[in-house]
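Colleague: Okay, here's what each chain looks like letter by letter:
Protein chains: 2
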Amino acid sequence: MNGTNEHLLSGVRILDMTRALAGPTCTRMFAELGADVIKVEPAPDGDMVRSISKLRNERSFYLIQQSLNKRSVCVNLRDPRGLSLLRDLVPHCDAVVENFKPGVMADMGLDFDALRTLRKDIILCSISALGQSGPLATKPGYDYIAQAYSGITSMIGDADEAPYIPLAGIGDVSTGVHAAFAIAAALVHRARTGRGQHLDVALLDCYYHCHEVNVHQHTGSGGKIDPMRAGRHLSYICPAGVFRVPGGNVVIMGFMHHWPDLCAAMGRQDLVGHPDYATDADRLARRSEVVSLIEGWLAGFPDRDSAVSKLEVHGVPCAPVLSVAETVQHPHLRERGTVRTVNDRIAGSFEIPGMPIRTSDYPAHPGYSAPALGEHNTSVLGELLDYDADTIASLRADGVLVEGDV
Amino acid sequence: MNGTNEHLLSGVRILDMTRALAGPTCTRMFAELGADVIKVEPAPDGDMVRSISKLRNERSFYLIQQSLNKRSVCVNLRDPRGLSLLRDLVPHCDAVVENFKPGVMADMGLDFDALRTLRKDIILCSISALGQSGPLATKPGYDYIAQAYSGITSMIGDADEAPYIPLAGIGDVSTGVHAAFAIAAALVHRARTGRGQHLDVALLDCYYHCHEVNVHQHTGSGGKIDPMRAGRHLSYICPAGVFRVPGGNVVIMGFMHHWPDLCAAMGRQDLVGHPDYATDADRLARRSEVVSLIEGWLAGFPDRDSAVSKLEVHGVPCAPVLSVAETVQHPHLRERGTVRTVNDRIAGSFEIPGMPIRTSDYPAHPGYSAPALGEHNTSVLGELLDYDADTIASLRADGVLVEGDV
Chain A
3 MNGTNEHLLS GVRILDMTRA LAGPTCTRMF AELGADVIKV EPAPDGDMVR
53 SISKLRNERS FYLIQQSLNK RSVCVNLRDP RGLSLLRDLV PHCDAVVENF
103 KPGVMADMGL DFDALRTLRK DIILCSISAL GQSGPLATKP GYDYIAQAYS
153 GITSMIGDAD EAPYIPLAGI GDVSTGVHAA FAIAAALVHR ARTGRGQHLD
203 VALLDCYYHC HEVNVHQHTG SGGKIDPMRA GRHLSYICPA GVFRVPGGNV
253 VIMGFMHHWP DLCAAMGRQD LVGHPDYATD ADRLARRSEV VSLIEGWLAG
303 FPDRDSAVSK LEVHGVPCAP VLSVAETVQH PHLRERGTVR TVNDRIAGSF
353 EIPGMPIRTS DYPAHPGYSA PALGEHNTSV LGELLDYDAD TIASLRADGV
403 LVEGDV
Chain B
3 MNGTNEHLLS GVRILDMTRA LAGPTCTRMF AELGADVIKV EPAPDGDMVR
53 SISKLRNERS FYLIQQSLNK RSVCVNLRDP RGLSLLRDLV PHCDAVVENF
103 KPGVMADMGL DFDALRTLRK DIILCSISAL GQSGPLATKP GYDYIAQAYS
153 GITSMIGDAD EAPYIPLAGI GDVSTGVHAA FAIAAALVHR ARTGRGQHLD
203 VALLDCYYHC HEVNVHQHTG SGGKIDPMRA GRHLSYICPA GVFRVPGGNV
253 VIMGFMHHWP DLCAAMGRQD LVGHPDYATD ADRLARRSEV VSLIEGWLAG
303 FPDRDSAVSK LEVHGVPCAP VLSVAETVQH PHLRERGTVR TVNDRIAGSF
353 EIPGMPIRTS DYPAHPGYSA PALGEHNTSV LGELLDYDAD TIASLRADGV
403 LVEGDV
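Chains as they are written, first to last, in our numbering: chain A, 3 to 408; chain B, 3 to 408.
With the rest of the complex left out, here is chain A (with noise of 0.2 Å):
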């Protein structure tokens, strides 16, 4: 926690018993805008993630991206004072977030119904892959087992082939920024009723929110259209997708009433009132030619970037597709914050993502810094439990406390 830590959310206080990456987005999301996240870690070793990109000093980069400004409290969770001290950290919490298999937070006796006894209005946020309910809740789960199950990884790659999976943690991310607006949005129904919530967040779901026209085009056509991954292009309108130039691959979207600003980009004005060519569905059925034709012309160009600028200058809406590497060099991104650097006292300084949400009055990127393992125990429980240095020194020489250097 960093200075006065004003902004947003301050004054909201989470217990963060997550781990790895969507609860860990979820209440990173309320430490970056000022709240005090208390980010419980099961003791000896930590959330599994310290293990992950420790690519300097033995510190790991992974934790560093998820855990600015959250404290660090290292607690034996199989030995009862440690359960007994998460116990009594609950009535200063508003909100507790977790993240494990369904049914291990009954297991610990911290079940909704156990945490409000301990705190009448208490917001408990249960993140999981399949959901809390259901034949398959059970199941263990990761982000790519959600996303199949989604129907999302049938839609990326060519229908005759198998499917391809982003290498990128979008559906682990975008669950706990879904879980992040629940807590938020409890909060605000608190302050009106005084009543506490359990919120049920899955993976499945958030992803499955993603699909903005395939379930309903499937059932609304009584079954006709069946949503099927269809290669580097858009299955209703045309052109629009990922198309090669000599040294790397541009997006262009040149359907509708760009499809004129495409062709005159391409000193094709012959094509803009041809019948073959005339609307997205006259396109679509040609949209092999249609694609030939916009590479062949691409395949003039010296590069990449001089393609799009061509595009630029008659307005068509396009993008480079840029590498991670380039994107961290970008500056629009730079200029932007998107690309963010962080100055770890650990391990030095190297860029993450910028936080996704900027306000007008305060910094997006405060300088935060991300704990050491068990870094707070001694001020979380000294601050809010009134332990005294005897009271931790015994619990830390039990081992129910554990502190790291990194």
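Honestly, I wouldn't trust all of these hints.
Which copy is meant is left open, because identical chains are indistinguishable; a pair holds if it fits in one copy or across any two.
[Stated by the list, open to error] With a cut-off of at most 30 Å between alpha-carbon atoms, the simulated DSSO-like pairs for lysine-lysine come out as follows:
id: 1; residue 1: LYS312; residue 2: LYS103
id: 2; residue 1: LYS56; residue 2: LYS103
id: 3; residue 1: LYS103; residue 2: LYS122
id: 4; residue 1: LYS226; residue 2: LYS56
Source of the hints: derived by calculation from the structure; they are not laboratory data.
What you are looking at is a predicted structure, and each value in this text was computed from that prediction instead of being measured.
Use these hints to put chain B onto chain A, whose structure you have.
Modeller: Using the frame of chain A, we list chain B on its own:
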């Protein structure tokens, strides 16, 4: 708006000037949690999505999915009386949400400073493709353009081929939820401080937010790690990805402590302690061999689901890659409400994704309906602005207010 509308966000009122997908997702999250969302649609045709997915009775299924529990007011925004009416509504609203191209709100005299003169503590949330600031801010933006600039597109497909795009609104939906969280946090902040806020949420930033390891691994390794799409399998653990089975595909997560379970499922206990496959690093070094070995085993199953059953018996995290058509029928998704049925008074019954936030106090799907164009002109202007029937009739006669059948 339905019945008592009692839910988490009852009592909150949103002036919703958004169209298409990212903005309407944000305001729908509020509407589904009981807020009074006044959807402002430009006369004469309304939100552009009213022309998409008109599958029955001229009704847009797209509009229905994104407008549940919203009220529609259809106003000519090029008429001073239309803009004046909007200004009159602002003091009655807690937040204004818009996803115009940056600059358009100012052109209408509705930028943050102007809104603050109408209501001192107003919250304005501006949603855009590439952000309100930076050299690319004024570029025309679509989901896939932001995705290309974010580096996410570069992480989908085979390394030596052009990338693929997911045929679902992943970025728009995630951005809408980011924006919803931002507004809810600003409401909590306003309750504490009495102050409003201008929020800037962009697809580019929300997509970039999904890089859980790519950005820090590239920069933290001094550029030695160059994240790039790598086919159907994860690039840092193994085996993990999409595997072919007769008649379909399965996702298998067989890394770390799951490897012995996978070996048991395959009847290949000899591989558990084998030095060639002992760790994820060993298996990664032989990734194509490991994938072939697993797909060779899977080829012996009669179909996808029998392979999944076998893997489940051995506790291996796995999933069938479901098509959208299969998700709609799946017992888990139906029981959980991940798939929900809407009964539209004009279009009839069909399925859409469920509300991805479940609460303990309220039903997830209280039978919400979506408005016809301008359906709530009279009720909103009557209730909030005390416009009488003659005034409304006169505005309607002049085309300042428009009402449609669907």
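Colleague: Of the hints given before, which are not true for this structure?
Modeller: none
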